[in-house]
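Undergrad: Sequences listed follow chains A and B, in order. For reference, each letter of the first sequence is one residue, going 9 to 255 in this note's numbering. For reference, each letter of the second sequence is one residue, going 39 to 265 in this note's numbering.
Each hint should be verified, as a subset may be incorrect.
So these bits of chain A aren't anywhere near chain B, every CB distance computed over 10 Å [what the hints assert, rightly or not]:
#	residue
1	Gly90
2	Ser226
3	Phe233
Straight line, CA to CA, 20 Å or less: simulated PhoX-like cross-link-like pairs of lysine-lysine [to be verified]:
#	chain 1	residue 1	chain 2	residue 2
4	A	Lys55	B	Lys125
5	A	Lys88	B	Lys197
6	A	Lys88	A	Lys116
7	A	Lys88	B	Lys170
8	B	Lys168	A	Lys114
9	B	Lys168	A	Lys116
10	A	Lys117	B	Lys252
Calculated directly from the structure, the hints in this document are not laboratory data. Think of the CB as a built atom: it goes at the ideal place given N, C-alpha and C, for glycine as much as any other residue.
Residue-level listing of the chains:
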Amino acid sequence: MHMLEVKEIHKSYGSCEVLKGISFTVDKDETKVIIGTSGTGKSTLLKCINQIDPPDKGEVWLDGEELTNLSTDMNRIRQKIGFVFQDFNLFNHLTALQNVSIGLEKVKKIEKEKAKARAFDELKNVGLEKQAGQYPAQLSGGQKQRVGIARALAMDPVIILFDEPTSALDPELIGDVLDVMKSLAGKVAMLIVTHEMGFARNVADEIIFMEGGNIIESGSPEKMFNNANKERTREFLGRISCLYGKE
Amino acid sequence: MVLLGINNLINNLPFLFEGLGVTILLTLISVALATLFGILLAMGRCYGRQPLPFIIYIYEKVFRGLPLLVIFFLIYFGLSQQGIHLKAFYAAVIGLVLHSTAYQIQIFRSAISAVPDGQKTAAMSLGMSKLKTIYYIITPQVLRFSIPGWSNEFTILLKDSSIAFSIGVVELMARGDAINSMNPEGILYVLLFIAFLYFILVFSINRGLNYLEKRYRISGYAATSVR
């Protein structure tokens with residue numbers, strides 16, 4: 009049994025069908041990268057998985073539980089699904105430390121002191137122990153995103169969904185965030201929407217290429233970059249590798 | 039003349055200060071209730087299910103469209119004719135709360151919409167329920183955003199409370215009116231003193247809330263104050 013199973017997901021906004029039957033699986037501690045042009049429903053797909061924006065049709069299963077079943081308590085399930093956002097979404101009124109500890113305190117009901125200690129450890133792991141007392145507005149983009157990752161990790165998720173985690177960052181700051189993500193590979197399952205082809209190539213167990221609400225092709229980085237089956241995949245990867253570098 | 043007026047004022051000081059007490063009590067009770075209802079109804083308008091937002095919308099439109107004096111008369115004289123006899127003070131509290139709540143819904147609603155949507159998404163993604171999200175993430179930010187507008191409304195309510203003298207609440211303004219009819223000698227000084235008291239109250243409220251705004255400002259986040 010796969011850890012995460014996405015079966016035939018459909019999602020429309022009005023008359024616009026964004027996802028036209030998406031299916032794939034993610035196993036324990038596996039890293040999958042979703043690539044594709046903007047507006048092909050990649051972000052929508054992630055929100056359909058943690059039911060922040062539930063799909064119209066299809067099923068999502070995690071650890072043998074059906075998330076698309078309305079009677080499933082999503083507040084409990086979401087603790088197991090980390091989410092890292094393109095624009096960070098740190099809580100503006102809380103310090104970096106509080107951003108990481110609030111989920112532990114208020115959702116997991118861990119004692120304040122223990123939660124703070126754990127949160128501090130997580131910040132340390134992403135290299136931000138010195139920034140623990142600072143507010144999001146005082147942090148750089150790269151620092152904000154690392155707090156975002158620490159916040160997700162503190163909840164001990166089985167999988168983390170990354171929605172273009174480096175797209176809002178200066179080129180210089182992207183490296184720090186990618187380094188943190190690389191260090192997580194193989195320790196927790198990750199489903200990553202990104203345009204960082206170098207990262208995808210080096211870290212992904214599998215690359216999924218999406219376009220127009222469909223999965224065009226998927227496979228190992230080796231296969232996707234060197235001998236993809238579909239002409240469109242080769243075209244896309246060729247063009248985007250020029251732009252973002254092969255590392 | 040001047041001496042007579044000042045003498046009149048000094049003789050009436052205890053009488054006026056009693057009235058000041060009533061004004062402060064009336065304002066504090068009304069502002070506390072109106073703020074509570076204002077926050078709850080603003081949340082209801084933003085996050086509630088229909089028809090709740092629509093009902094709140096209608097309430098808001100109606101009570102922002104009525105002069106306070108009309109509301110006071112309706113509650114005090116109108117209800118009395120229907121057999122509901124309220125003490126003038128309570129009628130004034132109800133009137134002020136109905137009136138101010140309608141305005142405060144607007145203040146808190148705009149503060150709620152100033153909180154980015156992503157805050158809610160992020161909180162729910164951590165596994166917070168809707169209520170926890172509102173309590174721990176949305177409200178603390180809303181309260182900060184709403185201090186400037188709310189402090190305005192607070193002082194408006196304080197000044198509006200003087201209209202309660204029209205239904206016979208013996209607050210500060212009503213006492214000035216009483217002194218005027220009993221002993222109109224040098225009434226100017228009495229009225230100036232009353233005006234001074236209102237001004238001092240409004241000034242201190244603004245100062246106090248300004249301090250609160252600064253104290254709870256989120257570093258680097260809130261707009262810097264322009265003076």
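Undergrad: Checking each numbered hint in turn, tell me which of them this model violates, lowest number first.
TA: 1, 4, 5, 10
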